[in-house]
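Q: Residues per chain are reported as follows:
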Amino acid sequence: MKEEQVQAGAGALVAPALCFRGVTFGYTDDAPAVLSDIDLAVRPGEVVALVGGNGSGKSTLARLANGLLTPVRGEVSVGGLSTSDHAHRWEIHAQVGLLFQDPEDQIVGATVEDDVAFGLENVGVRREDMLGRVARVLSVVGLDGEEATEPHLLSGGQKQRLALAGVLVLEPSVLVLDEPTSMLDPAGRTEVMRAARALASTGVVVVMITQHMEETLTADRLIALRAGRIAWAGPPRDFFVSGAYEAFPLGRPPAMELWHELASRADVAGVVLASGELTAVVSEDDVVAALAAGKTVAADFSPSAGGGGAGAGTVGDGGPAVRLEGVRMTYNRGTPFARQALHEVTIDIAAGAVTAVVGATASGKSSLLQVMAGVMRPTEGRVTGADGARIRAGSVGMALQRPEVQLYCGTVWDDVAVAPRLRGLSGEALRARVEWALDVVGLAPDEFGPRGPYSLSVGEQRRAALAGVLSLDPAILVLDEPGSGLDPTARRRLMEYLVTWARGGVAPAAPLGVRTLVFTSHDLDEVADYADRVVVLHQGRVEAHAPAEEVLGDVALLERVGLRATLAARVAGRLGSTGPRRPATPARLAEWLAASFRHRESPGAENESL
Amino acid sequence: MNRSLLTLPIGQYLPGTSVVHRLDARVKLVATFAFLVTLFAVRGWLGMAVLAGGLVVVFAAARVPAGYLGRGLRPLLIILVLTFVLQAFGFPGRPLVQLGPFSLTEEGLTRGGFLTVRLGLLLLSSMVLTLTTPPVGLTDAFEWLLAPSRRVGVPSHEIAMMMTIALRFIPTLFRELDDLIKAQRARGVDFSARDPRTLSRALLPLVVPLFVLSFRKADDLAVAMTSRCYRGGWGRTRYRVMQIGRADLVAVAVVGPWLIAAVAAGRWWEL
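Line by line, the protein sequences are chains F and U.
Using this note's numbering, you'd call the opening residue of the first sequence number 5 and step up by one each time.
Using this note's numbering, you'd call the opening residue of the second sequence number 13 and step up by one each time.
Think of the hints as simulated: they come from the structure by calculation, not from any bench.
Hints may contain errors.
When the alpha-carbon atoms are kept at most 20 Å apart in a straight line, the in silico SDA-like pairs for lysine to any residue are as follows [stated by the list, open to error]:
hint: 1; chain 1: U; residue 1: K229; chain 2: F; residue 2: L72
hint: 2; chain 1: U; residue 1: K194; chain 2: F; residue 2: P478
hint: 3; chain 1: U; residue 1: K194; chain 2: F; residue 2: Q465
hint: 4; chain 1: U; residue 1: K229; chain 2: F; residue 2: S186
hint: 5; chain 1: U; residue 1: K229; chain 2: F; residue 2: R394
hint: 6; chain 1: U; residue 1: K194; chain 2: F; residue 2: R394
hint: 7; chain 1: U; residue 1: K229; chain 2: F; residue 2: D182
hint: 8; chain 1: U; residue 1: K229; chain 2: F; residue 2: L158
hint: 9; chain 1: U; residue 1: K194; chain 2: F; residue 2: V409
Please construct the entire structure, taking both the sequences and the accompanying hints into account.
A: Rendered as structure tokens:
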């Protein structure tokens with residue numbers, strides 16, 4: 005132990021709080037190693053972002069750090085204590101806090117305060133000391149006032165902060181976050197990231213595993229794993245600026261994406277190139293700075309007529325696919341737990357369009373979808389289809405959040421075949437239907453059909469489950485958060501398959517009718533990319549229902565209902581777009597910028613400045 | 013079919029600040045148990061009336077809304093009615109009305125009424141316990157009462173922890189089940205079959221995913237608990253303290269004589 009401290013001291017001024025030396029790990033002797041030759045030393049107060057594709061060994065590394073697993077070869081040490089030495093086991097568990105993806109599965113206590121105290125009870129802290137520590141930690145994560153609340157009544161972001169509090173109360177010197185934000189909406193993600201960063205400033209090591217590239221930019225160091233080895237390490241910006249990210253299945257930060265999109269447009273490109281480095285623009289701040297340097301001037305945005313992009317044209321003029329009239333939904337009616345999820349909702353969902361339903365947590369999105377799909381009867385009001393008849397379960401394709409849990413057959417093929425078999429399809433017709441459904445979601449029937457659902461990756465399972473809904477060949481498909489919990493690449497791919505289906509782009513098994521897609525999302529950038537129309541829900545009421553660009557550009561409305569505007573709208577706002585309708589998509593932002601430049605170049609505008 | 017499973021009010025804690033809510037959970041648990049024992053020891057109508065009257069007072073003190081009570085009993089009504097009918101027609105005695113092979117007897121009527129009242133009081137008394145005591149209070153009380161048995165090898169802490177976790181995950185699993193039912197119905201699976209063979213096949217799409225999900229959750233939870241230093245009851249301290257206050261002593265002083273009075277009244281006026 006002494007020797008180690010000397011060695012570590014020789015390398016850096018501060019002894020590492022967490023140290024991996026030549027660590028190799030495999031779950032069984034004959035299986036290939038999950039991690040090989042990992043060398044890593046992290047200083048107190050350092051924030052390390054750990055990235056890599058599925059199965060690259062990130063989660064295993066997290067468990068090695070906490071001593072839940074011990075290396076086959078090499079050594080992991082925490083504050084100088086080796087995890088292989090069983091005598092330090094509990095000391096190390098307490099020193100290294102672990103936070104996982106799903107907060108639901110980490111909460112033990114029956115109430116918020118009980119859960120936070122759980123770790124303290126385990127290590128035998130005296131009760132008098134517990135009271136103060138629990139209260140302090142709850143105020144750090146912003147859950148003071150919720151002490152007696154039962155965990156299942158908290159929002160997703162609150163649950164994850166509770167899980168964080170349960171870990172923090174043990175005063176760890178290392179905090180390992182294993183994709184803690186992947187199940188959260190943007191607001192919840194910001195909450196958790198802010199709390200993690202505040203901790204690092206107090207000297208805690210933060211190792212953050214994430215699929216969101218914009219989150220890595222705030223780290224001091226980025227480490228990219230490939231096939232169980234450290235394949236890249238260095239400052240996060242360099243990872244993207246140098247193009248090193250291209251060798252990993254990770255994608256790039258959304259701001260970088262936006263910048264490249266802007267740069268590819270002739271009317272903006274001149275300015276972009278004038279501002280110099282095209283590749284050094286990685287974050288939202290960079291985009292704003294680069295565009296400002298390109299001397300844009302503020303101008304009110306007036307949407308041009310007949311522009312391209314989502315939401316334009318005549319989609320959705322074919323009459324309603326679903327009509328909701330005076331729909332109310334009350335849960336636990338007549339008990340003290342009664343909660344009204346929907347108030348007097350009256351809307352027509354346009355046939356042939358892609359409609360996004362957006363709103364903050366508990367705004368009634370899931371209830372609206374389930375009422376639309378006929379699996380839940382509204383307390384009051386009518387829900388009818390295009391033919392005017394009441395919608396019943398089974399006439400609308402529906403998938404709730406994380407639909408992969410509904411897979412239950414031995415093979416993917418059988419699971420996709422469940423619905424058509426129940427409709428009496430068999431033989432060649434059944435085979436054609438199943439293969440078509442698998443094709444729609446991009447799973448080759450020959451390759452994936454015979455496989456067991458649990459042998460697939462999460463993204464593939466999700467797509468298989470959706471194929472099991474598509475095999476009904478529904479005219480209407482309603483999906484609750486289809487992309488939640490998936491990494492950005494898998495998420496984008498899934499949305500593209502679905503939108504292609506909605507636009508009739510996949511050769512149909514049955515004659516192609518009008519297809520209507522309704523989905524909910526927390527992520528307005530995703531909505532901007534795929535939706536024609538947007539329904540905004542707020543506390544169970546419809547606040548807006550209009551073409552996507554109109555809604556997404558109304559930043560005041562979005563702010564009022566607690567949603568974060570799109571990246572394009574935020575950039576435009578910071579560049580001085582003051583109009584009531586901001587450019588909310590990359591295409592509109594480019595147009596707005598081009599118009600601004602022209603304005604700038606025209607005589608008489610010389611004196612205007614940013 | 014459309015009714016959400018989450019609306020079942022049996023055994024749900026109803027937060028409140030009444031005297032009954034504030035009583036120590038151990039006192040309530042023991043008192044309920046004593047009540048149940050007395051319920052089966054009491055023989056006559058007068059004794060039953062003493063018990064019922066006392067329970068009404070307890071409900072009033074707990075300030076449980078009457079409507080809520082009715083809702084809670086409604087799902088159990090069928091059991092009560094069934095008990096009454098079976099006894100009334102099944103008990104040998106002087107026949108009053110003949111219905112095919114069955115005869116309604118005077119003795120049956122009395123006995124059915126008595127048993128139904130007894131069963132009703134049994135349900136109501138356990139309801140008053142769960143309505144006024146948070147689940148965590150019950151598990152704590154349970155662990156405390158079991159603690160002496162630890163010496164003979166009963167893992168009292170572990171049993172209480174299992175109860176806590178079960179209670180904690182019941183709402184989660186109910187929600188998952190509710191979602192599964194909806195999702196499989198949207199795929200055309202029919203759960204309304206009455207014939208057991210068809211029904212058991214129809215339940216497969218619920219049972220398999222729920223099992224997989226529960227195992228996965230159990231695994232994740234075990235990892236999370238270990239990483240938070242959980243190692244069983246060894247060397248553990250407690251965040252919650254249970255304290256016997258004056259109200260608890262008063263409750264014991266009142267409940268004891270009440271139950272004894274009920275037994276005495278029953279002996280005095282036998283059935």
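Q: Evaluate each hint against the coordinates.
A: Against the structure, the hints come out as follows:
1. Straight-line distance between C-alpha atoms of K229/U and L72/F comes to about 17 Å, which keeps the hinted pair within the 20 Å bound.
2. Straight-line distance between C-alpha atoms of K194/U and P478/F comes to about 16 Å, which keeps the hinted pair within the 20 Å bound.
3. With a CA separation close to 19 Å, the supplied pair K194/U and Q465/F stays within the 20 Å bound.
4. Restraint check for K229/U and S186/F: satisfied, since their Cα atoms lie roughly 17 Å apart, inside the 20 Å limit.
5. With a C-alpha separation of about 38 Å, the suggested pairing of K229/U with R394/F is violated against the 20 Å cut-off.
6. With a CA separation close to 17 Å, the supplied pair K194/U and R394/F stays within the 20 Å bound.
7. Between K229/U and D182/F the CA atoms are separated by roughly 16 Å; this keeps the pair inside 20 Å, and the hint holds.
8. Under the criterion of a C-alpha separation no larger than 20 Å, the hint pairing K229/U with L158/F is consistent with the structure, at around 18 Å.
9. Our distance criterion of 20 Å between C-alpha atoms is met by K194/U and V409/F, whose separation comes to about 12 Å.
Consistency note: the structure conflicts with earlier hint 5 alone.
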